[in-house]
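Participant: Protein chains in written order, with the working numbering: chain L, -8 to 295; chain G, 71 to 299.
Calculated directly from the structure, the hints in this document are not laboratory data. What you are looking at is a predicted structure, and each value in this text was computed from that prediction instead of being measured. The beta carbon of each residue, even a glycine, is placed where N, CA and C say it ideally should be. Warning: the hint list may mix true and false statements.
As the list claims (entries may be wrong) - PhoX-like mimics (lysine-lysine), calculated; alpha carbons at most 25 Å apart, straight line: (1) G:K186 <-> L:K283; (2) G:K116 <-> G:K89; (3) G:K75 <-> L:K286; (4) G:K182 <-> L:K6; (5) G:K271 <-> L:K283; (6) G:K186 <-> L:K2; (7) G:K123 <-> L:K2.
Claimed, not checked - These stretches of chain G come out as covered by chain L in the derived footprint (C-beta under 8 Å, 3 or more residues): (8) 94 to 108; (9) 128 to 136; (10) 256 to 263.
Chain residues, written in single-letter form:
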Amino acid sequence: MKANSFWYLLKEGIKNIWNNRTMSFASVGVLISCLLLTGAAVIFSYNINCAMKTIEGNNSIRVYMTQNLPTLSAIRVGEEIKKLDNIDNCKFIPKDDAIQRYMDILGDKDGTMLQGMTGKENPLPDAFEVSFKDLSQYKDTSERIKKISGVESINDYSDVAEKLTHLDRLVTTVGFWIILLLSLVSLFIISNTIRVTMFSRRVEISIMKSVGATNWFIRIPFIVEGVIIGLISGLVSSLLLITVYDKMISSVASILLFAPIAIESIAWIITLAFIVAGTLFGALGGIISISKYLKNEGGEIVGW
Amino acid sequence: MIEFKNVSKTYSNGTHALKNISLKIDKGEFVFIVGSSGAGKSTFLKLIMCEEKPNGGDIIVNGKNLSEVKKHDVPYLRRTMGIVFQDFRLIDNMTVFENVAFAMHIVGASTKEIHKRVPYILGLVNLKKKANCRPSELSGGEQQRVGLARALVNNPKLIIADEPTGNIDPALSYEIVDMLNEINRRGTTILMVTHEHSLVKHFHRRVVEIHDGTILADSAEKQEVRHEG
């Protein structure tokens, strides 16, 4: 294709968007929603994986003593735990330290929120943070610790990991169907938007055919229209997602048990992926509608 | 230039649009195609434009057998022709200049070429002063002259005019055919479909009459017979 034709067709594609701005705006809106949901699901899944890795990497469990167990008895329980074969480390966490940690997490430095829960009124039990030498004996060692007198419960992270896996699977499955549905809706809306432009320009298309325009020459402005719709949607949705994620993470990071993915490390991936996805969707929408049109009613010179 | 050899066309609904017609139009000729509605005139034009394929026979245009022309080569064949429509087919949101330039954009002409060629063609059809007007600001005759300019701008070897005077005042019809005559004088072959017998009589050109899918009369054959006699 000659450079003259390329610039001409590019201008025609931009003109199409402007002349058909209401439908173009609707297409951009739908595509943004689709991309946002897709991006949110992917980031969520990514963070769950991160959390699972953090938990899996941390081979320790929390062992809680029965309520009101004297501290001396608690220390004795600790000695018994240390006697077990698979124990690497056993660290005592007094209940006063535990309540203090909650205060720190909640930003309650002066104790206004947890007032009356310190000292003797502290509802938390004493605990031990126990790490294992061999993770393959995780379940067996946990069971043996549970049987020690004075142990109320243990915080078994393998359960959490399992729950997170379930949640990840659920998000992946539901996300997949939502994304598929929204993708089809987006494709339908984009191709319909372009179809409206095509019908309003059917005389032009007919004249183009009569003076010898190739099908590609006719197609390109409509594909350009789709690509621009996709490009705008990709840019806007990536900007929105990055901003919202950044704000959300900065406000919840302190209460998370794991380090969430930093926005800096994924911002360019999100932007690139959204632009590529938006552009592909737009181009595909354009190709589908114009090819269908040229194959059927637009294949002939109108009115002959 | 154009040769039909025993050409037949039957549509899928069973309509026999053309029945075994043979016809030869030489380069530089001006031919009126006349006939009532449904006689087969449009099918005749569609076959030349490769809009339809014949069921039988051969059509040769510019030395090319159309049955051998591949689908992707059809646009390039059409670039050797210019079409003038009865209903003008101008784009309302474009100026006269843009409507004519549009045909040049399609063949990939440069901006420089367009700015040189379009004013020249508009001059030929006496519309240079109306270059910046919209089609809605022009009379029917002027609109058809824009259509003519658009058909001419890519310098085609053949102009197909499908009832070009059908939507304009009879007085202005002569003006349009005069212009086609002038274009023909410069060497372009003209094929004009019309219903207006007064025009046909006035211009004394070859007349081919199609009726019920067959060629009922061809003034060129009569002349040959007369010469032989």
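Participant: It remains to establish, for every hint, whether it holds in the given structure.
Facilitator: Verification of the hints:
Our distance criterion of 25 Å between C-alpha atoms is broken by G:K186 and L:K283, whose separation comes to about 37 Å. A distance of roughly 15 Å separates the Cα atoms of G:K116 and G:K89; the hinted pair therefore holds under the 25 Å criterion. Note on G:K75 and L:K286: the hinted pairing is violated, with a Cα-Cα distance of about 30 Å set against a maximum of 25 Å. As the CA atoms of G:K182 and L:K6 are separated by approximately 22 Å, the hinted pair is consistent with the 25 Å bound.
A C-alpha spacing of about 46 Å is found between G:K271 and L:K283, which places the hinted pair above 25 Å, so the restraint is violated. With a C-alpha separation of about 21 Å, the suggested pairing of G:K186 with L:K2 holds against the 25 Å cut-off. For the given pair, G:K123 sits about 35 Å from L:K2 by alpha-carbon distance, which is inconsistent with the 25 Å threshold. Against chain L, the region 94 to 108 of chain G contributes 0 residues with a C-beta closer than 8 Å to a partner C-beta. That does not satisfy the three-residue criterion, and the hint is violated.
Counting residues of the region 128 to 136 of chain G whose CB lies closer than 8 Å to any CB of chain L gives 0, so the stated coverage by that chain is violated, three being the minimum. Using a Cβ-Cβ cut-off of 8 Å, 0 residues of the region 256 to 263 of chain G lie near chain L, which falls short of the minimum of three, so the contact claim is violated.
Of the numbered hints given earlier, the model fails hints 1, 3, 5, 7, 8, 9 and 10; all others are met.
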